[in-house]
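Engineer: Chains as they are written, first to last, in this note's numbering: chain A, 1 to 109; chain B, 1001 to 1177.
Careful, some of the hints might be misleading.
Unchecked claim - Now the in silico label distances, taken between C-beta atoms and shown as ranges:
id: 1; chain 1: A; residue 1: Glu14; chain 2: B; residue 2: Gln1021; range: 19 to 25 angstroms
id: 2; chain 1: B; residue 1: Ser1037; chain 2: A; residue 2: Arg87; range: 31 to 37 angstroms
id: 3; chain 1: B; residue 1: Lys1088; chain 2: A; residue 2: Phe19; range: 35 to 41 angstroms
id: 4; chain 1: A; residue 1: Lys40; chain 2: B; residue 2: Asn1154; range: 54 to 60 angstroms
id: 5; chain 1: B; residue 1: Ser1037; chain 2: A; residue 2: Thr32; range: 21 to 27 angstroms
id: 6; chain 1: A; residue 1: Glu76; chain 2: B; residue 2: Gln1021; range: 52 to 58 angstroms
id: 7; chain 1: B; residue 1: Asp1053; chain 2: A; residue 2: Glu106; range: 45 to 51 angstroms
id: 8; chain 1: B; residue 1: Glu1097; chain 2: A; residue 2: Leu5; range: 33 to 39 angstroms
Think of the hints as simulated: they come from the structure by calculation, not from any bench.
Note that beta-carbon positions come from the ideal geometry of N, C-alpha and C, so glycine has one too.
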Amino acid sequence: MEIRLDDVDTTGFETLRVFGECDLYNAQRLTTAAQERLAKGVKRLRIDLSGVNYLDSTGVGAIIRLVQSAKAMGRELRFRGISGTPRKVLVLSNIITILKEDPAEEARA
Amino acid sequence: MKPLVVRKLIVDERNELFDAQGMRYIEFPSEFEGIRSFTAKVLADCPEHFLEDNLLEQQLSEIIKNGIKHGNGCDPAKRLKVWYDLRKRARFIVEDEGSGFADLENWNDFYLRRQTALYNQDFDAFLALASWRGPKSDDSDGGNSLIAALEYWNGGMIYNGARNKVGVVRWFSHGSD
């Protein structure tokens, strides 16, 4: 799994872009990266999962913890680009219902 | 408004899902690092349309993980036994050498409260109940694998009396090859 950080965009959100597989061996890295941004005072954080092709229960658990943390800290956390199997897994576990989602990003030039 | 229907984990020692006649068999050491590769090995010649991209792999790996980590405690002396049948549908029996899922009834109570909160659109309560935290849960436990499993295994998900063996089935709308 690879995680990249985009600068704050025009909507005021900083974006963490996640690539690869988010599973029992590495989901903790997503938690750590996002918690770091929240701890640094980022008020609006977006997690872009359009590059994630595998998400298991540990990855879903990481997402749940981040939603819980952001809510407790009064921060805005949004998600983007959830599709394919990761979306199916989030639907099966009902977690998709509590995620605030942004529309898919338009293709970059 | 549709009535609330909440599935449960069921214990049934004599359930037909534990009939391993005609099923293939493989066993693995209880190595946490091997969970995904063991799963891939079981599914090596699985019909393509059963895979649903990698959804079957993901769901089976959760069961294998539960057996290796929670059942066998990653004890290298303990084995994980897997029976599988990929004709007509995806069917598995997974047995560990642990003491069984003692918190099964507590999990069913948790799941009822969780789904009731969702049904009532009480999202604060739902968020607090989003993940199951058992006595042995740690950061690598998402706490949601059984929730997805109850939905995914549409032909049943049954535990044996000792609760250290689970039988699951998923049927596919495309039928068999």
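Engineer: What hint numbers does the structure not satisfy?
Structural biologist: Failing hints, ascending: 1, 2, 4, 7 and 8.
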